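Trainee: Listed below, chain by chain, are the residues.
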Amino acid sequence: MIEFENVSFSYTGQEHDGLRGINLRISDGECVLFCGRSGCGKTTITRLVNGLIPQFYQGELQGRVLVDGQEISNLPMYQIAAKVGSVFQNPRTQFFNVDTDSEIAFGIENEARPSQELIKRVEQTSEDLRIQKLRNRNIFELSGGEKQKIAFASVYAMNPQIYLLDEPSSNLDMTSILELREHLRLIKKQGKTVLIAEHRLYYLMELADRIVYLEKGEIKGIYTPEEFQQLSEQERERMGLRAVDLRAVFPPKTCSLAPIPVLELRNVTLRYKKRTILHDINLSAGKGEVIGVVGHNGAGKTTFSRALCGLHKDSDGQFLWESKLMERKTRLKRSYMVMQDVNYELFAESVEAECSFGIRNPDQTLVNATLEELGLSPYRERHPNTLSGGQKQRVAVAVSMICGKDLLVFDEPTSGLDFDSMTQVAGLIHRLSDIGKIIFVVTHDFEFVCRTCSRVLHFDEGEMPDDVPVTMDALPKLRELFSVSDGKER
Amino acid sequence: MSNQANSMNKGLTVKDLVTTGIFTALVFVFVLVGGIFFAPNPVLTFFMPAGSGLLTGPVFLLMIAKVQKRWSLSILGVVICMIWFVTGMHWAFALGYLMMAVVADFVAGARQYKSKELNSLAYILFSLGGTGSYIVFFADPNGWAQTMLGNGTEQSYIDTMQATANTGILIAMFAAAIITSAISAFVGCKMLKKQFEKAGITA
Amino acid sequence: MSGERQKKGLWLDPRAKLLLILICVLASMFAPSLTYQFVLVVLIAVLGAFFGKWKYVLKAVCFYAVICVLTVWIMAEMTGTLRTMFIAFLGLFHKVYACGTLAGIVLTTTKVNEFLSGMNRAHAPKKLVIPLAVMLRYIPTIQEDWHYIKDAMRMRDVSPSLAGFLAHPGMMVECIYVPLMMAASKAADELSIASVTRGIENPHPRTCLVQIKCGAADWGAMAVAVSFLIFELCVRGGVIG
Chain W
8 MIEFENVSFS YTGQEHDGLR GINLRISDGE CVLFCGRSGC GKTTITRLVN
58 GLIPQFYQGE LQGRVLVDGQ EISNLPMYQI AAKVGSVFQN PRTQFFNVDT
108 DSEIAFGIEN EARPSQELIK RVEQTSEDLR IQKLRNRNIF ELSGGEKQKI
158 AFASVYAMNP QIYLLDEPSS NLDMTSILEL REHLRLIKKQ GKTVLIAEHR
208 LYYLMELADR IVYLEKGEIK GIYTPEEFQQ LSEQERERMG LRAVDLRAVF
258 PPKTCSLAPI PVLELRNVTL RYKKRTILHD INLSAGKGEV IGVVGHNGAG
308 KTTFSRALCG LHKDSDGQFL WESKLMERKT RLKRSYMVMQ DVNYELFAES
358 VEAECSFGIR NPDQTLVNAT LEELGLSPYR ERHPNTLSGG QKQRVAVAVS
408 MICGKDLLVF DEPTSGLDFD SMTQVAGLIH RLSDIGKIIF VVTHDFEFVC
458 RTCSRVLHFD EGEMPDDVPV TMDALPKLRE LFSVSDGKER
Chain A
380 MSNQANSMNK GLTVKDLVTT GIFTALVFVF VLVGGIFFAP NPVLTFFMPA
430 GSGLLTGPVF LLMIAKVQKR WSLSILGVVI CMIWFVTGMH WAFALGYLMM
480 AVVADFVAGA RQYKSKELNS LAYILFSLGG TGSYIVFFAD PNGWAQTMLG
530 NGTEQSYIDT MQATANTGIL IAMFAAAIIT SAISAFVGCK MLKKQFEKAG
580 ITA
Chain F
38 MSGERQKKGL WLDPRAKLLL ILICVLASMF APSLTYQFVL VVLIAVLGAF
88 FGKWKYVLKA VCFYAVICVL TVWIMAEMTG TLRTMFIAFL GLFHKVYACG
138 TLAGIVLTTT KVNEFLSGMN RAHAPKKLVI PLAVMLRYIP TIQEDWHYIK
188 DAMRMRDVSP SLAGFLAHPG MMVECIYVPL MMAASKAADE LSIASVTRGI
238 ENPHPRTCLV QIKCGAADWG AMAVAVSFLI FELCVRGGVI G
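Chains as they are written, first to last, in our numbering: chain W, 8 to 497; chain A, 380 to 582; chain F, 38 to 278.
Since the hints were derived computationally from the structure, they do not count as laboratory data. Where hints are given, some of them may not hold.
[To be verified] Example chain F residues on the side facing chain A (calculated, C-beta under 7 Å, incomplete): (1) 126; (2) 214; (3) 221.
[Unchecked claim] Distance ranges between label pairs, derived from CB positions: (4) F/89 / W/150: 28 to 34 Å; (5) F/184 / W/18: 29 to 35 Å; (6) F/184 / W/274: 23 to 29 Å; (7) W/434 / F/89: 55 to 61 Å; (8) W/246 / A/569: 15 to 21 Å; (9) W/185 / A/565: 49 to 55 Å; (10) W/334 / A/554: 43 to 49 Å; (11) A/579 / W/474: 42 to 48 Å; (12) W/143 / F/83: 27 to 33 Å; (13) A/390 / F/89: 44 to 50 Å; (14) W/139 / A/551: 58 to 64 Å; (15) A/449 / W/119: 24 to 30 Å; (16) A/554 / W/411: 44 to 50 Å; (17) F/162 / A/572: 48 to 54 Å.
Remember, predicted model here, so these are calculated numbers, not experimental data. Beta carbons: idealized from backbone N, C-alpha and C, even for Gly.
Chain W on its own, in the form it takes in the complex (with noise of 0.2 Å):
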């Protein structure tokens, strides 16, 4: 049992992810969900059942909270660890191996347990999770899914009685999700407690018991997934929550008309480390259009991408721009890529000084403009690395508006986002589009494409096999490729 008796806690120089005044009371096997806009306070929350405050992090605690009867800030870290398994956002920095076997028995390691078990234990989990595959791999080749695969299969081999999960399908893709709801499912089953917080909900609508909303720091609902289920789409998206049921978001009705065909991919094929990647690909974009990218790992979306913005060499075909034949060089003028980290393309120590960063003679005037028209100016003497995730990736988009970039690919731009951020995305994106852009998104958030894509092209084993408009009439055909059919009825 974990209760939270009157807890408050603010973290040491910093107003927002605080708690405040939290009661509440967990019992065993329960699923509990908690919800709510970046900086409610949820990831807090896990963060004091874990015991990573107050020991991690510092800050004003008051209150106590309890697991099992005995106070969690009175325990160290590791006879925590014993009870509690955490599982958290970031695949690439959650593992301590190069190979995979050893990462699952990590934990068991640190528990000093004999090799005769710690063998046994691996086979087990690996057994359980069905995750046989990617016993005795290297890491470092696996997708960020199967990453985070073998991240709870080393949480679940040390069996804890409760497992946190922060964040957890942040970088993961449609499949992968589902498969950690059957992971969720094996430890519910099994009579776990389970903490998820979370802003993709619709995947544990059938495995949550209670579902809390925060904000600001203070519990402001608990429902049932029946109730909150009920809640009108108004309703939920006032509270900034993301989509419940991903068979209730629909394309738009209206498809806007074609635009004449700017960029122009001819016989485009494209070959990494000798090996074809895609080929054979033709495809032509216009002014103003926004294009989702799909497929599934290692399906060739990055090379797809990387080529785009002449970032990739070993290409056949021609890319033509205006009729006129763009060489690497050219596209890469033309082009520029949001990254998933955007972390990697922000050099400068303010945020004007990125704007201008590596331009001979900046335009002042424009600079300004830009920053005013993306909401940035009240950052502008700030490090980029002291913003928020969704102001990052604005300052990389103001980068590229500066540079009189004309095609912007974006990659996973939400990874990681609440429903308030994923709107302002998707209203930025409207927003270059207005402006003329060509626009190509790598996603696997159907709500997102809903909202933002005028069609969505599809890879499949080194080709391209689907070329869908985002509308109504491509619904089944759209869901198929996100997997929605299946998003509920298992």
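With the hints as your guide, set chains A and F onto chain W.
Mentor: Okay, now just chains A and F, sitting in the frame of chain W:
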């Protein structure tokens, strides 16, 4: 602030150890990248420590700024020494880095790792670790060449070794290493102030 | 050091491998002449062949033979400062070559977890094992990061090359260090959280999934290495020949 003073007493935490590990990886990579251009070149080989020293300053200084505790730099030295050893580098090269890392630890620690000047000096000393194998050469050029020349070391060789030109090389090697690592430390201090402290990633 | 599946061939205890490297360093240090250095390289090549690395060792031996011939020629022909430089360089080269070749074999046949297990069995303190493990795990991450950073630089019209560096040193410095350091510092936080919540602070000594043991092959290899070293020392001391 009270929290920090508290953790100071506790010694190295897991976070400090992980930070040390990550920055050791970066130091290793930058030393390797900086030196690789010089090492396999007979004429430039003496400037390998200088090349290595040129790139690593910002990494080293940020690590000090993040951990600010005794033994972190020494651990870096031990780990790097082990890696050089396992990758088949000359023993004096590996040992040089180990010794100078420990020295650097004490130099930077003299002001609780807070003085930029002393930290920079610590870095310069650390990057002199790369001269280890060359020092062995200058200390005993006969022994060095013995393998190649067989047992009869020629008089002419010993003569050339004692000629001033060689002391020149020795001085040039040290001077170059000190200058480049000083530049690197200077850039590192600048970056700490301009970027990393503002970004809030120092301790 | 990779996590790949174990290839066919000989398997040696990582501790034995470390000892072999140590003996190799000593043997290079005390080698009385180039002939012994060459024999040492050949011995290492034989070991490599047992591991199934035929191509690698063949290349290594051939290359070394060429360098040896070159050394003899340089020693005979060159004079002056240039000669000193070559002596310094080749001296280092000969001392390092055998170890480097052996290291190449060791690194490609040892998994990181075996190596760490070896450290564990040798009762190395946690304060050393944690940074070492993190370092080995982080090097491939630096490579991945660098890949992304290069892309980002190109899109900003900064060429990630030596020419680009000379053209705009200040800008280049920021492009390289800022994202790398930000990523490193974020990784340090998240990785420590991920290890602390899985109980790394447990005061009991860790156990290890990978079990290593010293077998006949290990003793054999070590015996050969030690006898070679002793032989060398005897020659050097004038006991033999």
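Trainee: Now tell me, hint by hint, if it's right for this structure.
Mentor: Tested hints:
1. With a cut of 7 Å, the hint placing residue 126 of chain F at the interface with chain A holds, because the nearest CB-to-CB distance is about 4 Å.
2. About 5 Å separates the beta-carbon of residue 214 of chain F from the nearest beta-carbon of chain A, less than 7 Å, and the hint is met.
3. Evaluation of the residue 221 of chain F hint against chain A yields a held restraint, the C-beta minimum of about 5 Å falling below 7 Å.
4. Between residue 89 of chain F and residue 150 of chain W the Cβ separation comes to about 30 Å, which falls inside the hinted range of 28 to 34 Å.
5. The given range of 29 to 35 Å is respected by residue 184 of chain F and residue 18 of chain W, whose C-beta atoms sit roughly 34 Å from each other.
6. Range check, residue 184 of chain F to residue 274 of chain W: Cβ separation about 28 Å, and the 23 to 29 Å hint holds.
7. In this structure the hint that residue 434 of chain W and residue 89 of chain F lie 55 to 61 Å apart at CB holds, the actual value being about 59 Å.
8. Checked against the hint of 15 to 21 Å, the pair residue 246 of chain W and residue 569 of chain A fails, with Cβ atoms roughly 47 Å apart.
9. Restraint check, residue 185 of chain W to residue 565 of chain A: a C-beta distance of roughly 54 Å satisfies the suggested window 49 to 55 Å.
10. Remark: the range hint 43 to 49 Å for residue 334 of chain W to residue 554 of chain A is upheld by a beta-carbon distance near 47 Å.
11. Taking 42 to 48 Å as the suggested C-beta distance range, the pair residue 579 of chain A and residue 474 of chain W conforms, at roughly 45 Å.
12. Checked against the given bound of 27 to 33 Å, the beta carbons of residue 143 of chain W and residue 83 of chain F, roughly 29 Å apart, stay inside it.
13. With their beta carbons about 45 Å apart, residue 390 of chain A and residue 89 of chain F fall inside the hinted range of 44 to 50 Å.
14. Between residue 139 of chain W and residue 551 of chain A the CB atoms are about 60 Å apart, so this pair conforms to the stated range of 58 to 64 Å.
15. Distance hint check: the CB atoms of residue 449 of chain A and residue 119 of chain W are about 28 Å apart, consistent with the given range 24 to 30 Å.
16. Checked against the hint of 44 to 50 Å, the C-beta distance between residue 554 of chain A and residue 411 of chain W comes to roughly 47 Å, which is consistent with it.
17. Between residue 162 of chain F and residue 572 of chain A the Cβ separation comes to about 35 Å, which falls outside the hinted range of 48 to 54 Å.
In the structure shown, a violation is registered for the earlier hints numbered 8 and 17, in ascending order.
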